[in-house]
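Asks: Sequence:
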Amino acid sequence: MKPMKLNKAALILACLLTTTAYADPYPKLDPNSLINGSPDNPPITVNIAALQNALQNLGDHAGDYPPRFDSDADRAQAIKDLAPLAILLEDMTKNSAASGKKDNEAHLASLQMSARLYWIGHNLDQPGYAEKAHNAYIQLLKLAPKNRKAEVEDELGRFLASVGKGDEAVQHLRNAYKSGYTDSGFPLGMTLLIQGQKEEAIRILQDYAQKNPNDPRPQQVLEAVNSGQFEIRRE
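Per the working numbering, the very first residue in the sequence shown carries number 17; after that it's consecutive.
Everything labelled a hint here was simulated from the structure, so no lab data went into it.
Note that CB positions come from ideal geometry on N, CA and C, so glycine has one too.
A hint or two may mislead.
[Stated by the list, open to error] Cut-off 25 Å, straight-line C-alpha distance, at most; resulting in silico cross-link-like pairs (SDA-like, lysine to any residue):
id : residue 1 : residue 2
1  : K158      : D199
2  : K110      : Q68
3  : K96       : A66
4  : K148      : Q72
5  : K44       : S87
6  : K165      : L71
7  : K96       : Q68
[To be verified] Label-pair distances were calculated between CB atoms; the ranges are:
id : residue 1 : residue 2 : range
8  : A240      : I64       : 40 to 50 Å
9  : G144      : K44       : 22 to 32 Å
10 : Q142      : P41       : 20 to 30 Å
11 : D46       : K194      : 42 to 52 Å
12 : P143      : A65       : 25 to 35 Å
13 : A99       : D76       : 16 to 26 Å
14 : Q235      : N48       : 23 to 33 Å
Construct the entire structure; sequences and hints are all you get.
Replies: Structure representation (structure tokens):
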């Protein structure tokens with residue numbers, strides 16, 4: 017069998033992100049569901065449950081690249097749904113920052129939801145969304161309390177790996193991993209492998225595999241590397 021040759025993007029897509037072959041129909045967002053109350057029926061508040069559900073629906077279909085939709089119409093609807101969610105989250109982020117210290121829980125949650133929405137928008141090929149996601153994650157990392165920084169660095173590192181910024185991704189994933197956030201082990205190992213740092217990548221993947229015996233991915237990658245079944249082709 018000939019070795020599989022994967023370029024950077026292909027290796028990230030094949031091994032770093034988890035995808036499925038099919039997707040359920042995408043449920044159209046009702047923007048009115050995001051708000052409780054009205055001028056005639058105050059108070060007007062954000063329906064957090066509906067907001068989280070909308071983000072989950074988008075994430076289920078476009079949280080990874082490539083997105084998974086049943087039809088072009090579903091994909092187009094998802095892209096259309098980005099705008100009202102982005103507007104709402106921008107308002108929430110601004111208002112929560114103005115209401116007190118910027119490290120308050122509401123502001124941190126708004127930043128994280130914004131970053132994830134922008135990441136999804138990037139996966140849907142929307143211009144400028146990758147930069148917005150990066151900026152939101154950097155701001156979130158600055159404000160996050162010490163006991164949550166590793167989790168944020170992990171998510172930031174995964175995002176950076178997904179957009180091909182391997183050096184920056186390694187920096188943040190390594191910080192998270194060294195802080196004891198063991199979930200970072202697999203994406204760190206994969207990104208190091210993509211960057212050509214094979215020895216360290218194998219060491220970290222072996223460590224992750226030992227600590228996570230129910231996750232088949234690292235063992236599959238290690239077997240492929242050791243048997244020469246794939247190689248990285250830089251373009």
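Asks: Under the constraints set out in the numbered hints, which ones does this structure not fulfil?
Replies: Hint 14 is the one this structure does not satisfy, whereas the remaining hints hold.
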